[in-house]
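Undergrad: Listed below, chain by chain, are the residues.
2 protein chains.
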Amino acid sequence: MDLYIERDELIRGLGRVQGIVERRPTTQALSHVLLQARDGGLTMTATDTALTLVAQYPARVEEPGELSVDAAHFFQIARSLAEPTVHLQTQPGNRMSVRCGSAEFTIHGMAAEEFPPLATRDDRSSLTVSGGDLRRLIEETLFSVSPDDNRYGLNGAHLEELTTDKGQSRIRVVTTDGSRLSVSEAPFSGQFGMGRRMLLPRKALGEIKKLVEADGEAWRVSFGENSSTFSTPSLTLMVRLIDGEFPNYRQVLPTSPRRTVRVPREAFSAALKRVAIVASDRNHSVRFAFEPDQLVLTADNVDLGHARETVPAELQGEPLFTGFNVRYFQDLLAATRSDQLQLELIDVLEPCIVRLPERDDALFVVMPMRLD
Amino acid sequence: MDLYIERDELIRGLGRVQGIVERRPTTQALSHVLLQARDGGLTMTATDTALTLVAQYPARVEEPGELSVDAAHFFQIARSLAEPTVHLQTQPGNRMSVRCGSAEFTIHGMAAEEFPPLATRDDRSSLTVSGGDLRRLIEETLFSVSPDDNRYGLNGAHLEELTTDKGQSRIRVVTTDGSRLSVSEAPFSGQFGMGRRMLLPRKALGEIKKLVEADGEAWRVSFGENSSTFSTPSLTLMVRLIDGEFPNYRQVLPTSPRRTVRVPREAFSAALKRVAIVASDRNHSVRFAFEPDQLVLTADNVDLGHARETVPAELQGEPLFTGFNVRYFQDLLAATRSDQLQLELIDVLEPCIVRLPERDDALFVVMPMRLD
Numbered sequence: 473m474d475l476y477i478e479r480d481e482l483i484r485g486l487g488r489v490q491g492i493v494e495r496r497p498t499t500q501a502l503s504h505v506l507l508q509a510r511d512g513g514l515t516m517t518a519t520d521t522a523l524t525l526v527a528q529y530p531a532r533v534e535e536p537g538e539l540s541v542d543a544a545h546f547f548q549i550a551r552s553l554a555e556p557t558v559h560l561q562t563q564p565g566n567r568m569s570v571r572c573g574s575a576e577f578t579i580h581g582m583a584a585e586e587f588p589p590l591a592t593r594d595d596r597s598s599l600t601v602s603g604g605d606l607r608r609l610i611e612e613t614l615f616s617v618s619p620d621d622n623r624y625g626l627n628g629a630h631l632e633e634l635t636t637d638k639g640q641s642r643i644r645v646v647t648t649d650g651s652r653l654s655v656s657e658a659p660f661s662g663q664f665g666m667g668r669r670m671l672l673p674r675k676a677l678g679e680i681k682k683l684v685e686a687d688g689e690a691w692r693v694s695f696g697e698n699s700s701t702f703s704t705p706s707l708t709l710m711v712r713l714i715d716g717e718f719p720n721y722r723q724v725l726p727t728s729p730r731r732t733v734r735v736p737r738e739a740f741s742a743a744l745k746r747v748a749i750v751a752s753d754r755n756h757s758v759r760f761a762f763e764p765d766q767l768v769l770t771a772d773n774v775d776l777g778h779a780r781e782t783v784p785a786e787l788q789g790e791p792l793f794t795g796f797n798v799r800y801f802q803d804l805l806a807a808t809r810s811d812q813l814q815l816e817l818i819d820v821l822e823p824c825i826v827r828l829p830e831r832d833d834a835l836f837v838v839m840p841m842r843l844d
Numbered sequence: 473m474d475l476y477i478e479r480d481e482l483i484r485g486l487g488r489v490q491g492i493v494e495r496r497p498t499t500q501a502l503s504h505v506l507l508q509a510r511d512g513g514l515t516m517t518a519t520d521t522a523l524t525l526v527a528q529y530p531a532r533v534e535e536p537g538e539l540s541v542d543a544a545h546f547f548q549i550a551r552s553l554a555e556p557t558v559h560l561q562t563q564p565g566n567r568m569s570v571r572c573g574s575a576e577f578t579i580h581g582m583a584a585e586e587f588p589p590l591a592t593r594d595d596r597s598s599l600t601v602s603g604g605d606l607r608r609l610i611e612e613t614l615f616s617v618s619p620d621d622n623r624y625g626l627n628g629a630h631l632e633e634l635t636t637d638k639g640q641s642r643i644r645v646v647t648t649d650g651s652r653l654s655v656s657e658a659p660f661s662g663q664f665g666m667g668r669r670m671l672l673p674r675k676a677l678g679e680i681k682k683l684v685e686a687d688g689e690a691w692r693v694s695f696g697e698n699s700s701t702f703s704t705p706s707l708t709l710m711v712r713l714i715d716g717e718f719p720n721y722r723q724v725l726p727t728s729p730r731r732t733v734r735v736p737r738e739a740f741s742a743a744l745k746r747v748a749i750v751a752s753d754r755n756h757s758v759r760f761a762f763e764p765d766q767l768v769l770t771a772d773n774v775d776l777g778h779a780r781e782t783v784p785a786e787l788q789g790e791p792l793f794t795g796f797n798v799r800y801f802q803d804l805l806a807a808t809r810s811d812q813l814q815l816e817l818i819d820v821l822e823p824c825i826v827r828l829p830e831r832d833d834a835l836f837v838v839m840p841m842r843l844d
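Residue numbers (the numbering used here), protein chains in the order written: chain A, 473 to 844; chain B, 473 to 844.
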């Protein structure tokens with residue numbers, strides 16, 4: 473292998489694999505990136521066995537070849553380089569030289585044959601979704617995936633297709649950790665094609681979000697028996713899906729709220745941040761008093777004291793006094809952008825539905841807390 | 473206590489005490505800040521017993537009074553506030569209310585009487601040094617104070633006065649951790665006045681550096697029996713000095729180098745950063761080959777591989793091949809600003825002197841490493 477590549481392309485490629493490779497791998501290859509120089513380009517492959525990224529980068533290839541090297545170490549070297557072009561060349565003994573300006577590194581690598589073989593793909597049909605929509609689908613749902621991998625059915629995102637009243641085909645992503653739930657939808661073209669219901673794992677969601685570079689990119693998403701593939705013309709991410717029965721979430725979506733409240737995003741967010749300082753120690757509990765023209769937030773902490781905030785709010789319906797985990801609203805605000813939130817409430821211990829005004833393609837549910 | 477204070481002044485004051493108070497205090501008061509409202513201002517006092525900061529801030533005092541509260545918690549609250557003016561008011565039961573716009577906090581405090589009494593000062597004479605010089609004296613020496621508090625005589629900065637050939641009075645600060653040494657000097661007016669030789673502790677150096685806000689500030693430095701006081705018109709930092717015999721550092725300052733080398737700062741710094749990637753695992757050792765018109769840096773690592781860098785350099789004298797801890801040069805570069813460094817070398821296992829061209833008030837010594 474002997475090639476010249478732009479330093480910025482090298483950094484971009486190595487940056488993308490950092491989230492895939494494992495920090496404490498069970499076998500060395502899982503911390504490595506496989507480099508393959510072929511006609512007109514360098515292919516970088518990384519895998520943790522459940523998630524595999526293969527991406528091509530433009531390079532002037534003097535001699536084809538392949539080698540795998542430690543991804544984190546090579547990334548650190550690439551980022552330290554100062555000149556625009558980098559010369560990569562294999563050396564005897566599975567080594568690779570990296571030359572750039574006055575700098576020269578020799579990296580100990582591993583023969584390409586020792587890199588795990590790629591899973592064979594059995595994709596059937598595929599759908600196409602825009603980069604902007606794909607990123608939004610993930611941003612609006614990733615935060616409510618259960619962080620506990622042992623929570624069967626909750627440790628990934630549920631996907632389904634639906635058709636709107638106006639006949640638009642949409643992909644719907646739903647996540648829940650048992651205390652809150654997020655639903656986000658986006659239009660797609662092509663065939664949904666997911667066979668039996670499986671979940672897209674949390675790590676894959678995070679990596680896909682990072683891989684989206686432009687709103688206008690066309691992303692092809694296809695499904696096999698127990699895998700899914702996300703691709704653009706220059707990269708392919710293969711994802712092993714998680715087996716698991718997602719709960720029947722429709723039953724927690726109440727249809728007739730008794731109260732609706734409009735709150736301005738900025739003031740609500742700033743107020744939550746302040747009461748969270750005091751609430752932060754004991755289960756993040758904050759009291760929400762919905763009054764006719766304001767929302768009063770209060771929190772208490774045995775050690776720290778008391779906090780009280782008021783947010784202007786338009787309430788339709790009877791006043792209500794209830795409690796929520798302040799973090800759930802903070803996460804929701806961080807994942808969305810609208811200027812206002814619409815809260816729909818039924819009663820003290822009933823779930824709160826949050827909608828984004830002017831948007832019919834996202835919906836959130838936050839379960840209340842029992843106040844002491 | 474009842475007063476109105478600008479939020480930015482409150483944040484500035486509380487920010488300054490964060491480095492003084494203890495995170496895991498043996499007694500509650502050592503994590504507290506004492507607030508005292510008096511004519512025309514708010515005084516904030518914090519101490520870890522070895523270091524005490526007393527500073528005044530403008531405030532509209534409606535009613536004098538005092539109270540101590542947790543410094544980290546109050547700082548977190550202050551930074552979350554959105555409006556420009558903050559209203560502080562003591563409440564029954566050693567509480568304090570904090571009101572700002574729509575936000576209202578109540579903080580549990582402690583009676584001012586429970587705050588430790590300030591040490592009595594026994595300053596004799598004092599000297600005056602500019603803020604810019606004081607900051608530089610610390611920046612150029614702090615990095616080579618021993619991080620080990622048990623290294624008798626090395627865990628603080630040595631101070632002395634001297635008179636230059638041109639009759640200028642200077643304060644000299646010297647630090648060493650046994651493997652490197654830093655000397656920095658600055659002009660002063662007044663009396664040096666330090667009685668017996670004692671050391672200024674590392675934590676005090678760091679806090680003084682943070683307290684300097686402008687080059688033009690006049691800082692008054694005075695010494696008592698075993699304490700020192702650094703002050704401006706609005707703040708006073710009292711420091712308990714460390715007992716300890718600083719080593720006779722003059723014997724490691726060689727006077728007749730056999731080789732001098734000029735290296736450009738930027739290229740040297742970038743090259744060190746790159747070889748450090750490979751050197752970082754095993755005692756940071758890098759080989760320095762001083763050649764007639766270049767410095768060649770190389771490092772090896774059993775796991776990671778090899779790195780080689782060349783830096784343009786003008787050598788006066790015979791070529792030399794030796795080794796250094798790369799971190800020592802990186803720290804030195806981070807603490808200084810000159811465009812070039814002058815390295816003065818005697819022989820393989822002799823110390824390297826580093827001077828900043830055009831500057832006669834700073835000097836650094838780096839001990840070499842024995843190469844395997």
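Treat the hints with caution; some may be incorrect.
Note: identical chains are not told apart, hence a pair may lie in one copy or across any two.
Derived pair list, reagent style SDA-like, types lysine to any residue, alpha-carbon separation capped at 25 Å [said to hold, decoys possible]:
1) Lys745 to Ser552
2) Lys745 to Glu481
3) Lys682 to Arg495
4) Lys681 to Val526
5) Lys681 to Gly573
6) Lys745 to Glu538
7) Lys675 to Glu685
8) Lys682 to Tyr529
9) Lys745 to Thr557
10) Lys682 to Gly573
11) Lys745 to Thr562
12) Lys681 to Thr704
13) Lys745 to Pro556
14) Lys745 to Gln490
15) Lys675 to Asn627
Treat the hints as calculated values from the structure; they're not laboratory data. All figures in this text were calculated on a predicted structure; none of them were measured in a lab.
Undergrad: Given identical chains, is lysine 682 near arginine 495, meaning Cα to Cα at most 25 Å, within a copy, between copies, both, or neither?
TA: within (18 Å within a copy, 36 Å between copies)
Undergrad: Is the C-alpha distance from lysine 681 to threonine 704 at most 25 Å within one copy, between copies, in both cases, or in neither?
TA: within (13 Å within a copy, 52 Å between copies)
Undergrad: Between lysine 745 and proline 556, at a C-alpha cutoff of 25 Å, which is it: within one copy, between copies, both, or neither?
TA: Answer is between; shortest inter-copy Cα gap is 17 Å, intra-copy 44 Å.
Undergrad: Should lysine 745 paired with threonine 557 be assigned to within, between, both, or neither, using CA atoms and 25 Å as the limit?
TA: between (46 Å within a copy, 19 Å between copies)
Undergrad: For lysine 675 and glutamate 685, with the copy left unspecified, which applies at a CA distance of at most 25 Å: within, between, both, or neither?
TA: The answer is within: 18 Å in one copy meets 25 Å, while 45 Å across copies does not.
Undergrad: Please work out whether the CA atoms of lysine 745 and glutamate 538 approach to 25 Å or closer within one copy, between two copies, in both situations, or in neither?
TA: neither (51 Å within a copy, 28 Å between copies)
Undergrad: If the cutoff is 25 Å on CA atoms, where do lysine 681 and valine 526 land: within, between, both or neither? Let me know, please.
TA: This pair counts as within: shortest intra-copy Cα distance 16 Å, inter-copy 49 Å.
Undergrad: Measure nothing new, just compare the shortest in-copy and cross-copy C-alpha distances for lysine 745 and threonine 562 to 25 Å and report within, between, both or neither.
TA: between (53 Å within a copy, 24 Å between copies)
Undergrad: Is it within a copy, between copies, both, or neither that the alpha carbon of lysine 681 lies no farther than 25 Å from that of glycine 573?
TA: neither (34 Å within a copy, 38 Å between copies)
Undergrad: Which holds for lysine 675 with asparagine 627 at a C-alpha limit of 25 Å: within a copy, between copies, both or neither?
TA: within (10 Å within a copy, 46 Å between copies)
Undergrad: Pop the pair lysine 745 and glutamate 481 into one bin, within, between, both or neither, using alpha-carbon distances up to 25 Å.
TA: The answer is between: 21 Å across copies meets 25 Å, while 39 Å in one copy does not.
Undergrad: Tell me, please, which holds for lysine 682 and glycine 573 at an alpha-carbon limit of 25 Å: within, between, both or neither?
TA: neither (30 Å within a copy, 38 Å between copies)
Going through the hint list in order, the structure does not satisfy hints 5, 6 and 10.
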